[in-house]
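Peer 1: Read off the chains here:
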Amino acid sequence: MQERKFAIGIVFIITLIGFLPLIVMLFHALSGLEYEKVLELFAKKAIVESFFQSLLLSAFVAFTSTLLGTALGLLFAKTDFIASKLFVSLLIVPLLVPPYILALGWIDIIGVESVLSGWLFGFWGVAWVLICVYLPIPIVLSMLFVKQIAPNLENMAKLYTDEWGVLRFITLPRIMPAFVLSFLLLFILSFSEYSVANVLRFHSFSLESFVRFSAFYDFKSAMLLSLPMLLVAALVLLIERLYVEKNLTKMKTPQRINIIKLSKKQQLFFSVLLICFVFIILLLPLFSLFSHVTLQSLALAFDKALFPLMNSFVYSLSAAALLTLLGFLSAYVISFKFLSLWRFFDGGIVFLFTLPATVLGIGFILLYNRVWLDFIYASALIVILAYVGKYLALAVKMSEHRLQQMPSSMLEAAKLSGASWFDTLRYILIPQSKKVLIAVFVVSFIFSFRESTLTMLLYPAGHETLSVYIITQMANGRPEIIAALSLIMVLSIVVPFFIFMRRKVI
Amino acid sequence: MIEIKELSFSYEEKSVLQNITLFVKAGERLVLLGNSGSGKSTLLRLIAGFIAPTSGEIVIDKSVVSKDTKVLTPPHKRGISMVFQDLALWNHMNVAQNIAFPLKMQKVPQIEQMQRVSEFLEIVSLKGYEQRSIDELSGGEQQRVALARALVNAPKVLLMDEPLSSLDEELNIRLRQEIVSLQERLGFTLVYVTHNKEEAAAIAHRIVKIENKTIEAKQCKR
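Chains as they are written, first to last, in the numbering used here: chain A, 1 to 506; chain B, 1 to 222.
Just so you know, these hints were derived from the structure itself, not from any lab. Careful, some of the hints might be misleading.
With a straight-line Cα cutoff of 30 Å, these simulated DSBU-like cross-link-like pairs (lysine-lysine) come out [as the list claims (entries may be wrong)]:
1) Lys261(A) x Lys62(B)
2) Lys85(A) x Lys435(A)
3) Lys70(B) x Lys261(A)
4) Lys415(A) x Lys25(B)
5) Lys107(B) x Lys5(B)
6) Lys25(B) x Lys261(A)
7) Lys265(A) x Lys67(B)
8) Lys67(B) x Lys264(A)
9) Lys264(A) x Lys70(B)
10) Lys264(A) x Lys14(B)
11) Lys261(A) x Lys104(B)
12) Lys77(B) x Lys62(B)
13) Lys265(A) x Lys70(B)
14) Lys62(B) x Lys147(A)
15) Lys127(B) x Lys67(B)
16) Lys147(A) x Lys77(B)
17) Lys77(B) x Lys44(A)
Make a model of the complete structure from these sequences and hints.
Peer 2: In C-alpha cells, the structure reads:
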C-alpha cells in the first residue's frame, strides 16, 4: 500500500514536470481551432515541402547511421580488433559535442562560397553532420546487444556453417531489435533536431516551427506546426512499443561472447580505415574550427562568457541531480510495476524524449507563463525543469537496465529479513546501483549542458547559457571568439566524460 | 571413430585437461562422468572444434581434426552434432526453422527440408509443432526440438553436454530412454556428458570418469 502511494507521488511529480506542459499545449492548440486558418497554414508550399524534406532527411540519416554504426559495433564487440576501446572512445565524442559545433567546423573547412558550399548548405550537408553526430548510438546499441548473445547459440550454428554463416543467420537476426530501435531513435532525433538545420540554412520542419515562434512570435502557428511533429513522435513510439518491446529480451549482464579472430592484415586494414574515418568525421572539423583559437581569444571568450558558462554549469548540475533522483525512482516504479498503468507511465516518459524540443518548450511557456508561477517562469527553474522533462527517459532507461539485471533472489532475501519496500530501496537497490547512478548523473549533465533549443525558447533575461551565447554570437560574432567559445563548450563536456570513462563508471 | 591422443588444454595459464587419451568406437554410447569443473564439457568443446587444444591431437573418422594448438577442421566440417546444456535454441526462429537449419546450411532442397523436419518431429513426438515459437514450448518439448535439430542431418557423432540436467526426474528418465532408443535406431556415435551416475548407467555402453583434469577410470557396462 505504502509503495503504491510512493509510486503515485512519483507519477504526480513527473506529470507536473513533463506531461502537464504537453497537455496544456495540446489543449491550447486544439481549442478555438479555426479550420480555414489551419488549412491555409498547412497548404503553404514551404510548409509542406519542409515537412516532407524533414521526413526524407530523417529516414536517410537514421538508415545510413544505423547501418554504419551497426557494422562498427559488430567490429568492436565481435572481433578481437586491437584498437576497439580507443576507437569506441573517439567515436562517442561526436554525440557529446553539440551538433551545431560540428556544423561550424564544416563551414570552416568548406567555406560559404566555395564549390562545395552548395552541398554543405542544404540536405546533404545537414545529413552528413547528423550522421556523424548520431553514429555513436547504433555503435553502442549493437555492442550492447551483441554482448547478450549466449556463445552456445552461435556454437550450435558453427557445427553447420562457417563464421560468416553464423554472423548472417544467428548474430545479425539476434541484434535486429537494436537495428530497428536505433533507426527509430535516430529518425525522431533527426526529425526534431533544429540547430544544424539552422546553422546550415536548411529549411527543416522543426526550424519552421521554431522560427514562427522566436522570430515572428506567431504563437498559434508555432503550436499548430507542433502537431505534426507530435504525431510523428507518437507514431514512432507506437512502432517502437509494438516491434522492439516484443522482440527485446530482458537485458542481462554482458557475458563472455564468441570472438571472431582477425588476421594481421585485417587488423591493419581496419586500423587504417578507422584512423581515416575518425579523422574525417571528428578531428578535421574540430581542429579546423579550433585552429582559430588563440590565447587572447580564449581569454576574451572566458571574460565575455563567464556568466553564461557558470549558468550552464549550475543549471546542468541541478538538472543532473534531479534527473538522477527522479530517473531512478521512476525506474523503480516501472520495473517493479507498482501501478497498473506503469506501461503508460514508461511510454509517456519516452514520448517526452522523442518530442521535438520546440514542442516541449512551447508547452512549458503555456503552462508556466502565469503571474503566480512567475517564480518558475522568470527564473532558472523553468530551464532546469525542461531539461528534466526532456531527458528523464535517458535516466530512467539507464536505471531500469541496472534494476533488471539484479537477481530477484536479492530482493527476496531482503523481504525474508523483514525489509520494507523502502528499506529494500535504501539498503539494497540504491547501494547496488551506485555506479549506474553516477553514470546517469554524468550523462544527464552532458545532455543538459549541450542542450540549446529548449534553452533558447525558455531562458529568462540574464539567464542565458553557454550554448545560447554561442548561437547568438554566430549571427555577428568574431570567428575566433566563436571558435574559443566552442572549445570551452567541448572541453566542459568531453573532459568530465573521459574522467568518468577512465574510472569505468560510464 | 574418435581418437583422442595425449590431449591437454589450458585456459589463461590454468590447466583444465591433462594428457587425455581416449578411443570411441563407431556406434558406441560413451558417457563422460565427472563433477562440475572436472573438464568434461571442455573435452566436448575440443572434440567439436570450438577451441583448440594446448597439445595432443583429435582424430575423427581417420582424419586429424585438431592438433597441438590448431583447429585443422572447422566444426561444421567434422560431421558432428551437439545438444548443449542450455539447448541453444534460436528463439528468433520457429520450431521448423530451428530443425531445418543444418539442412539449409547443407543446401538441401526446400521440399526435402520440410519432409525431414516433419519426419524428425514425428520421431521426437512433436508432430504439428512446426510453426510454434520456441518460447511457447515446455522444457521437455524444447529438449526434443534440440534433439531433432541435432539429428536431422544424420551426423556420425552426437555430443550431448548434460542435456537433461534441468529437467525433473520423471522427464529425465523418460528422455534418457528415448535417447537410447534413437541411438539404437539411427546408429550414430554418442558422447554424453553428465555428473549423474544413474543417468550415466542408463545411457552408456561405456563410462569414462574424469576427475582432476584427467581420466580416472574406465568402466565397461555392456
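Peer 1: Determine for every hint whether it applies to the structure shown.
Peer 2: So, going through the hints one by one against the coordinates:
| no. | hint | in the structure |
| --- | --- | --- |
| 1 | Lys261(A) x Lys62(B) | holds (28 Å) |
| 2 | Lys85(A) x Lys435(A) | holds (20 Å) |
| 3 | Lys70(B) x Lys261(A) | holds (13 Å) |
| 4 | Lys415(A) x Lys25(B) | violated (55 Å) |
| 5 | Lys107(B) x Lys5(B) | violated (34 Å) |
| 6 | Lys25(B) x Lys261(A) | violated (34 Å) |
| 7 | Lys265(A) x Lys67(B) | holds (25 Å) |
| 8 | Lys67(B) x Lys264(A) | holds (22 Å) |
| 9 | Lys264(A) x Lys70(B) | holds (17 Å) |
| 10 | Lys264(A) x Lys14(B) | holds (27 Å) |
| 11 | Lys261(A) x Lys104(B) | holds (25 Å) |
| 12 | Lys77(B) x Lys62(B) | holds (14 Å) |
| 13 | Lys265(A) x Lys70(B) | holds (20 Å) |
| 14 | Lys62(B) x Lys147(A) | violated (38 Å) |
| 15 | Lys127(B) x Lys67(B) | violated (42 Å) |
| 16 | Lys147(A) x Lys77(B) | holds (27 Å) |
| 17 | Lys77(B) x Lys44(A) | violated (65 Å) |
Hint compliance for this structure: hints 4, 5, 6, 14, 15, 17 are broken, all remaining hints hold.
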